[in-house]
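Chemist: So the chains spell out like this:
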Amino acid sequence: MAEDLLKVEGLKQYYPVSGGLMEKKIFVKAVDGVDFEVKKGEVFGIVGESGCGKSTLGKSICKLIEPTEGKIILDGEEIQDYDSKQMRKIRKKVQMVFQDPYASLNPRMSIHDILAEPLIIHGLAKDKKEIDEKVIRLLREVGMDDYHANRYPHEFSGGQRQRIGIARALAVGPELIVADEPVSALDVSIQSQVLNLMSKLKKEYNFTYIFIAHDLSVVEHISDRIGVMYLGNFVEEASKEHLYKNPMHPYTQALLSAVPIPDPTVKKERIILEGNIPSAINPPTGCKFHTRCPKCMEICKREAPKKYQVGDDHFVYCHLYDQENPEVNGAAKKIEDKKAEAQEA
Amino acid sequence: MDTRKNILEIKNMHTYFFTDNGVVKSVDGVDIELKEGSTLGIVGESGSGKSVTALSVMGLLMGTTGKVVEGEILLEGQDITKLSDEERRKIRGNKISMIFQEPMTSLNPVMKIGDQIVEAIRMHQDKSKEEARAMTIEILKKTGLPRVERLVDEYPFQLSGGQRQRVMIAMALVCNPKILIADEPTTALDVTIQAQIIDLMNHLKKEIGTSIIFITHDLGVVAETCDEVVVMYCGRVVEKGNVYDIFGKTAHPYTEGLLNSIPKLGEHVEELASIPGNVPNPKYMPKGCKFAPRCPYATARCEEEEPGFFDLGNGHQSRCWRCEK
Numbered sequence: 001m002a003e004d005l006l007k008v009e010g011l012k013q014y015y016p017v018s019g020g021l022m023e024k025k026i027f028v029k030a031v032d033g034v035d036f037e038v039k040k041g042e043v044f045g046i047v048g049e050s051g052c053g054k055s056t057l058g059k060s061i062c063k064l065i066e067p068t069e070g071k072i073i074l075d076g077e078e079i080q081d082y083d084s085k086q087m088r089k090i091r092k093k094v095q096m097v098f099q100d101p102y103a104s105l106n107p108r109m110s111i112h113d114i115l116a117e118p119l120i121i122h123g124l125a126k127d128k129k130e131i132d133e134k135v136i137r138l139l140r141e142v143g144m145d146d147y148h149a150n151r152y153p154h155e156f157s158g159g160q161r162q163r164i165g166i167a168r169a170l171a172v173g174p175e176l177i178v179a180d181e182p183v184s185a186l187d188v189s190i191q192s193q194v195l196n197l198m199s200k201l202k203k204e205y206n207f208t209y210i211f212i213a214h215d216l217s218v219v220e221h222i223s224d225r226i227g228v229m230y231l232g233n234f235v236e237e238a239s240k241e242h243l244y245k246n247p248m249h250p251y252t253q254a255l256l257s258a259v260p261i262p263d264p265t266v267k268k269e270r271i272i273l274e275g276n277i278p279s280a281i282n283p284p285t286g287c288k289f290h291t292r293c294p295k296c297m298e299i300c301k302r303e304a305p306k307k308y309q310v311g312d313d314h315f316v317y318c319h320l321y322d323q324e325n326p327e328v329n330g331a332a333k334k335i336e337d338k339k340a341e342a343q344e345a
Numbered sequence: 346m347d348t349r350k351n352i353l354e355i356k357n358m359h360t361y362f363f364t365d366n367g368v369v370k371s372v373d374g375v376d377i378e379l380k381e382g383s384t385l386g387i388v389g390e391s392g393s394g395k396s397v398t399a400l401s402v403m404g405l406l407m408g409t410t411g412k413v414v415e416g417e418i419l420l421e422g423q424d425i426t427k428l429s430d431e432e433r434r435k436i437r438g439n440k441i442s443m444i445f446q447e448p449m450t451s452l453n454p455v456m457k458i459g460d461q462i463v464e465a466i467r468m469h470q471d472k473s474k475e476e477a478r479a480m481t482i483e484i485l486k487k488t489g490l491p492r493v494e495r496l497v498d499e500y501p502f503q504l505s506g507g508q509r510q511r512v513m514i515a516m517a518l519v520c521n522p523k524i525l526i527a528d529e530p531t532t533a534l535d536v537t538i539q540a541q542i543i544d545l546m547n548h549l550k551k552e553i554g555t556s557i558i559f560i561t562h563d564l565g566v567v568a569e570t571c572d573e574v575v576v577m578y579c580g581r582v583v584e585k586g587n588v589y590d591i592f593g594k595t596a597h598p599y600t601e602g603l604l605n606s607i608p609k610l611g612e613h614v615e616e617l618a619s620i621p622g623n624v625p626n627p628k629y630m631p632k633g634c635k636f637a638p639r640c641p642y643a644t645a646r647c648e649e650e651e652p653g654f655f656d657l658g659n660g661h662q663s664r665c666w667r668c669e670k
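So the sequences go chain by chain: Z and G.
Under the numbering used here, the first sequence is numbered contiguously, ending at residue 345.
Under the numbering used here, the second sequence is numbered contiguously, ending at residue 670.
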């Protein structure tokens, strides 16, 4: 069993939305108490719809924003209270790749300067010659040509810019790369090129990735383990095989059934969720999903569910799987029975 | 064989943009037929000309440097490219309407939702304000929006993205158009909301009998909604046919590449197939087949000579030398 590279405990990230001197403070609870671990060398995927807090979670792990509460333990080191000076040496270990390849590169810097900057800041090259060599090596690593170094971001397509973004993250030789929707702005044919590049680099350098995306097929393709988020919390966490073959949480089930399948001969039954994601300012009590859940019970409105283990490396936050509560256990069993019936029929 | 008649026929349409840096041939000879009561999907990546095709049909290119320079657009047999701006306006929103990708920016932010739909009705039909308002409430209810009576007096910012897209659909359908053009209507939405909207569009199509042109880059959405599919690349149609032939008997290497590039749920592969390279710059188009530089099967002939359409039966056509018999 590989050891944990990253451990997150009770992480909360609240954004204040109003509140003057006299007013009561109101917060958007973007991330509302999240625990998870990422093992060395694995790809941990985080999926969820817009507003579920997945990007905020990525940013707080990298400490691009100060977490409100909770612990972030990287390689045995608690980094949540580090100031920007202390973070500098951590940044060598954790790098981020962003969604928008048009906005994340400085338009006034040449590609050479963009890639040289982290090398200089972290003192990773002695002189100009070594910088030049390293920049060229980085470009080749991501499948670009040497002469691209002297060009500017506007001269490149979206896919190429994303390659540059990845090269910049590689420059400092990180252990963990947090990629926030790295392919969602790209066309499908380019998207697969970038995904393949990321897999190749991972194999070569044994990186650990946190891969954040809304596209379930993409996350399934690249990840080893996946966490599904809804309104600032994880609802299910499992290896990708378990999650896709046997989704347990009603939200995961609905999410998977909503993905359109590129095969017209497959007609599948959809679970269509009613309504919209509630506001994160005033989330529902109890289980946050209960307002849209097709299997909502009384207890769901009152109490937030705990984390239940339902299989090998498979966790779900749902009252349906509470074995100790007789009322609830009955409900879970009823559902199982119905499933069995349906299968027989 | 499908015997339904064509409600819309685009014949050899060329739409060029005249920019300071030269002519950009966004759409360069496109033939598309839409059958009555069916859904046609137009698939392609950015820059393939799918949105410009839609805007050309709508007549929404004024104010840009773009122009339909050649070809015909036949709406129920009548060529609408010859009509005056005034006559085009009467068709737009009445016989053909369109919904856009960005539900956030395609509604007027300072006008109440109900008033925006009433305006669309009164533009085309001789209705009193009260009648139009009643029609508005009725169509909004059909889209499954909640508390419609109050919602008509609210502003767009008070709605979520999915709700705004429902309002757009209501506005597009209120005059019972013959054709609805939907340009990436679900791209900006979350998957669970996308499922709701696709469901709604399929339902309304049956109820109102509108023919739909569905423009998207998402092949999953195409497989679930469309009867016919047109695949575009670099301003041309490269393959067309019914949805089963396109997905089951894929003939063009570009369509094949697209289908193989998408990761599929429940299928584990080490490496995804991908199409090497990028879409060519419109200023430096390859001489022969436009896909040849990225095509794994390209031969010397492909680089020299551009193929025409080859018929594969059942209306399935592909623009590739490999389909020549």
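Some clues are possibly wrong.
[To be verified] Calculated cross-link-like contacts (lysine-lysine; reagent style DSBU-like; alpha-carbon spacing at most 35 Å):
| id | chain 1 | residue 1 | chain 2 | residue 2 |
| --- | --- | --- | --- | --- |
| 1 | Z | Lys24 | G | Lys487 |
| 2 | G | Lys487 | Z | Lys89 |
| 3 | G | Lys457 | Z | Lys267 |
| 4 | Z | Lys93 | Z | Lys200 |
[Stated by the list, open to error] Examples of chain G residues lying across from chain Z (beta carbon under 8 Å, computed):
| id | residue |
| --- | --- |
| 5 | Phe445 |
| 6 | Glu464 |
| 7 | Ser505 |
| 8 | Leu610 |
[What the hints assert, rightly or not] Computed list of chain Z residues with no C-beta within reach of chain G, every gap over 12 Å:
| id | residue |
| --- | --- |
| 9 | Lys24 |
| 10 | Glu37 |
| 11 | Arg108 |
| 12 | Val172 |
| 13 | Ser257 |
| 14 | Thr285 |
No wet-lab data here; the hints were simulated from the structure.
Just so it is clear, CB atoms sit at the ideal spot from N, CA and C, and this is done for glycine as well.
Chemist: Could you run down the list of hints and mark each one as holding or not?
Modeler: Hint check:
1. This hinted pair does not check out: Lys24/Z and Lys487/G have alpha carbons roughly 41 Å apart, beyond 35 Å.
2. The straight-line distance between the Cα atoms of Lys487/G and Lys89/Z is roughly 58 Å, outside the 35 Å bound, and the hint therefore fails.
3. Distance hint between Lys457/G and Lys267/Z is unfulfilled; the C-alpha atoms sit about 39 Å from each other, more than 35 Å.
4. Note on Lys93/Z and Lys200/Z: the hinted pairing holds, with a Cα-Cα distance of about 19 Å set against a maximum of 35 Å.
5. Interface hint at Phe445/G: violated, since its Cβ lies 19 Å from the closest Cβ of chain Z, which is beyond the 8 Å cut-off.
6. Checking Glu464/G against chain Z: minimum C-beta separation of about 27 Å lies over 8 Å; hint violated.
7. Of the supplied interface hints, the one on Ser505/G holds, with its beta-carbon coming within about 5 Å of a beta-carbon of chain Z, less than 8 Å.
8. Residue-level restraint check for Leu610/G holds (minimum Cβ-Cβ distance to chain Z is 5 Å; threshold 8 Å).
9. Taking the minimum C-beta to C-beta distance to chain G, about 23 Å, the non-interface status of Lys24/Z holds against the 12 Å cut.
10. Every C-beta of chain G lies more than 12 Å from that of Glu37/Z, the closest at about 23 Å, which supports listing it as non-interface.
11. Listed as outside the interface, Arg108/Z is consistent with that label: its C-beta sits roughly 23 Å from the nearest C-beta of chain G, beyond the 12 Å cut-off.
12. Even its closest Cβ contact with chain G, about 27 Å, leaves Val172/Z beyond 12 Å, as expected for a residue assigned away from the interface.
13. The beta carbon of Ser257/Z is not kept farther than 12 Å from every beta carbon of chain G, the shortest such distance being approximately 8 Å.
14. A cut-off of 12 Å between C-beta atoms confirms that Thr285/Z is not in contact with chain G; the least separation is 21 Å.
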